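J.: In case you want the letters, here they are:
There are 4 protein chains.
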Amino acid sequence: MLLRALLPRYTRARCNAMPRTYMNQARPALDISGIFPPIATPFNDRERVDYDRLAENLRKYSRTPLRGFVVQGSNGEYAYLSREERVEVVRKVREVVPKEKILIAGSGCESTQATVEMTLEMAKAGAEAVLVVTPCYYKGSMNSSALVHHYTKVADASPVPVILYSVPGNTGLDLPVDAVVSLAQHPNIIGIKDSGGDITRVGLIIHKTRHLGFQVLSGSAGFLLAGYSVGAVGGVCALANVLGPQLCELERLCVNGQWQEARELQYRLIEPNAAVTRRFGIPGLKQAMEWFGYHGGYCRSPLLPLTEHERKDLRKVFTDNAWL
Amino acid sequence: MLLRALLPRYTRARCNAMPRTYMNQARPALDISGIFPPIATPFNDRERVDYDRLAENLRKYSRTPLRGFVVQGSNGEYAYLSREERVEVVRKVREVVPKEKILIAGSGCESTQATVEMTLEMAKAGAEAVLVVTPCYYKGSMNSSALVHHYTKVADASPVPVILYSVPGNTGLDLPVDAVVSLAQHPNIIGIKDSGGDITRVGLIIHKTRHLGFQVLSGSAGFLLAGYSVGAVGGVCALANVLGPQLCELERLCVNGQWQEARELQYRLIEPNAAVTRRFGIPGLKQAMEWFGYHGGYCRSPLLPLTEHERKDLRKVFTDNAWL
Amino acid sequence: MLLRALLPRYTRARCNAMPRTYMNQARPALDISGIFPPIATPFNDRERVDYDRLAENLRKYSRTPLRGFVVQGSNGEYAYLSREERVEVVRKVREVVPKEKILIAGSGCESTQATVEMTLEMAKAGAEAVLVVTPCYYKGSMNSSALVHHYTKVADASPVPVILYSVPGNTGLDLPVDAVVSLAQHPNIIGIKDSGGDITRVGLIIHKTRHLGFQVLSGSAGFLLAGYSVGAVGGVCALANVLGPQLCELERLCVNGQWQEARELQYRLIEPNAAVTRRFGIPGLKQAMEWFGYHGGYCRSPLLPLTEHERKDLRKVFTDNAWL
Amino acid sequence: MLLRALLPRYTRARCNAMPRTYMNQARPALDISGIFPPIATPFNDRERVDYDRLAENLRKYSRTPLRGFVVQGSNGEYAYLSREERVEVVRKVREVVPKEKILIAGSGCESTQATVEMTLEMAKAGAEAVLVVTPCYYKGSMNSSALVHHYTKVADASPVPVILYSVPGNTGLDLPVDAVVSLAQHPNIIGIKDSGGDITRVGLIIHKTRHLGFQVLSGSAGFLLAGYSVGAVGGVCALANVLGPQLCELERLCVNGQWQEARELQYRLIEPNAAVTRRFGIPGLKQAMEWFGYHGGYCRSPLLPLTEHERKDLRKVFTDNAWL
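Residue numbers (numbering that gives the first Met the number 0), protein chains in the order written: chain A, 0 to 323; chain B, 0 to 323; chain C, 0 to 323; chain D, 0 to 323.
Hint data in this document are derived by calculation from the structure and do not stem from the laboratory. Treat the hints with caution; some may be incorrect.
[Stated by the list, open to error] Here are the simulated BS3-like cross-link-like pairs (lysine-lysine), alpha carbons at most 25 angstroms apart as the crow flies:
{"id": "1", "chain 1": "B", "residue 1": "K311", "chain 2": "C", "residue 2": "K207"}
{"id": "2", "chain 1": "D", "residue 1": "K98", "chain 2": "D", "residue 2": "K123"}
{"id": "3", "chain 1": "B", "residue 1": "K138", "chain 2": "A", "residue 2": "K138"}
{"id": "4", "chain 1": "B", "residue 1": "K138", "chain 2": "B", "residue 2": "K152"}
{"id": "5", "chain 1": "A", "residue 1": "K311", "chain 2": "D", "residue 2": "K207"}
All of these numbers come straight from a predicted model, not from anything done at the bench.
Isolated chain A (complex conformation) (with noise of 0.2 angstroms):
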């Protein structure tokens, strides 16, 4: 933290960006601005964690401008993890990267008392806070009411800062606005990772819980500048796996008001985004990872490698971009 402070062009941007954390001088908040990639596992042919190359990754972001990590987000194939898996593979993050990365580590299970559990292991492991999915499996059930007492329990149970994590596309479920709201008052519920990609509701969160320091952290890059102009603070997106520096430079645009190179940016990153997220998922994400000097890896089954003709498609929308 000490470090960014002296970066001096980012000073006047984050002040900019986010005077609401000073409004609230009683919470002693985790700044999670900046950009995060939920980083991927990279597994063995065997389909165990390959921890060296999940190490040599961490290494060479770890010499860029990303805020942190996000380990087990949903590209992390977190829910292919053992329980005893989720918690090693954040022990061995946090033994690699350096202390100014902020790790944040996905603790949300189905049960809450399955994600109190998770979220104290994190904790210990070495997270500095836990990104808490929506449990989703029984959907019709889990409306505000559920939803708010969920999170509440977590939240006064856990000795990080939690965020909250809404991902329609993988669980078919929006934590509802209300209910976000509400949540936003807990001292130890700092932000929102939100992936929907509705900047309308980004914006109304942020109108609604900026008084109270509440930080929106926009979930893909397809729709990081808009997050910015309407007020997130930063981004955990799949795309931070294959082109972090970029991210960090629009980032960057952004927050110095440069609003017009970040466009030109942005416009080439919505098709790659695209790309290794919804259309080809996390086979297409660790393929393009491999061609960016990480390692992908293989993916756990059910998961699929790319065809061949996938393969062919994906590259084509990073040349046509030209990041290839």
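Following the hints, complete the assembly by docking chains B, C and D onto the known chain A.
T.: For chains B, C and D alone, kept in the frame of chain A given last:
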């Protein structure tokens, strides 16, 4: 099974409804025709599994013509159980229920490997077949190829027959018909529980797979009669936790061709079924169980108990349809 | 009707299926049981209505046991006809078809007033009943109150009985069950064509309205048997433009209780039905009509004719199911 | 236009936001940057168009910096107007509004031929451009080929520039990006009104079409700022019927790069915008107009006036955001 063979009223009907199991002599198929409750898991006030109450429920259910039990279908709150609990519950259920009742255990997990392991454990714990829900978190990548690959691996490894499970209301994903048709050819995949309620799809699956002896179970009491009318052989119905004998009576009427009487009974079941599934979810199911002499018990959080108002609305549904 | 009265095989069955029309003696109900094609409108190569070919189709259809015709259901491209054309087509159809065939005209428009006017014109043009689709452009405002108000105004003004029409595949809107139940009490609203395919909903509607003599028609051949099984009295099926006699045979089997044979026939109709509706739309329907001796003719733009590839796929569906 | 050229504050900004119109000298493009209300159509208590009140509204609007008017966007209840009324309203509007205000008329119908005819009539009635909604009733057949064919025919025939219109909330259909990109090359198709709210999609469309001078208008005030941030040139916003000058102020802040102030204003507009669109629909919009000195008037049936309760909720939204 012996007992059932003695019931003359079923003999003709079952033959009639399922000539296909005889068409494929090579297949040592488990006959899964009949009504199965996906049993609820009663918890105590500390959210621990209440094995005594579970056993009491099962003893009562076992005195009815229910064909068997699905342990850890969606209504068993399986998503809220740890891996160890999932196996333990199956083991305990096996101890309690009589031999002639078929025990089907839900063994689906997100990753293929975890599903294989859970399947092996479920078989060891006494399951005669496993019900495997579609993995769904990365739904954008769960195309037919991925799902066929997943289920094939599981069925190859499983010591007991595998039943597919498509429940879009929870997973946001329909197992595509072409994948079902392809998987029906696997000698260890014997059927599907389809909870989507699209009766045209149910008919098409039966049309395309019945020459293989593939068995289709309706996944909800709301379309049980319609399912029989197009050739389904039974049902796995949440409502059977509450009105088990009545669903068995509906089965009897359908397989005996007493459609007029069947229809009268079916009509009265639609709203109660909707109430304990879509409308009030598992908390509604458990509340209704209490009214009918079973132990519903507590739910695990984040599921909340019904409000007083919801409870009244639920009760009205049962009284309006002359069940209370 | 005379002809039908002579067919003893229908007598018992119809009574059986529809005792409700006798329960409500005050109601001078039009009996709409049976199979109706929502007739296609053949256009010439300049996209003008080809009345000669339409008449030829109708003469052929009229020699089959089809109960009557729906003119300007969705498959009649009514959305592409001017108000004048809509009325003119009905007038011409009435001239051609024999008296004993029931003529139902689609008179739905977006505004209530336009629907009332169109209804009056349709009745004058010879329609014995009108089919009124849900207004849908402002779907966010089309709640039960608005829809009940709309249909009540139309039914109050209509000189002929009104049939509700819910077709979410086109309108993006389900006519809510509570609105249907409320409207079923209007003496001039005699039934509903439900094309949604949710058989549980169909059953519930029948359960809640049959004491009023309200008649439910399945809106697609894909669930015609299932519809009969839960108490529907017939169907308005696009596929009846192509395989009319076959659908009448399916009707006969269902009302006579020959479910085993009915099932065999139903199975073979599911894919052809999907092909001429969801999959290839009206262009597919019109192409298939040509193969079966009817005039499909051109579509109006923006509907495009099938590509060569699509035509082959469509044909394969009919040959695979042994219809060609 | 002259007037605008005199406003120095706009000059730099507009150039900045739209260098592309200068990149394509061959194109005699109509510059449609700025804020347009899709004007509501006031009806009297007999549901007739109230031309006097409409004229009064327009005279008031014309004294504000609104760039022009969209007559018969969705909020004009165009779906409830006869063909004759649609043209007549445009004619009357043209008589009232000053020359420097751009008049855009909605001319979309379901069939291509009807749309062409309506387009010709709208141009004759004084429209300087037409807004053409996607045909949508046969949405299953409205793929890119069909839509490109439709719009090409319309644009070929139109004497005035054509603006595409994608409004999935009403039509259930998104005009696919590939179709937009293809159509942007037509010399007579100058832009799109996109009401879907998917800002990533908006950015992608701009990325792929700006070299052609194609202009994107945000279709809702909820994401107006975000739209500007990614390069949209204006907005067609229902809320401009109520808070027109305020939306023009938001425009000014955005094009001048005063993002901080813009954001503050945008925040206060999100809920009022949602209230007069998604939440309370056109009845809500018309009610709010009355509070702000305009004539909302009656709606046509089946739209119902707000209940007393809804009216209170609507008012609260405006007071909570300090507009009343």
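J.: Hint by hint, which ones does this structure get wrong, listed from lowest number up?
T.: Violated: none.
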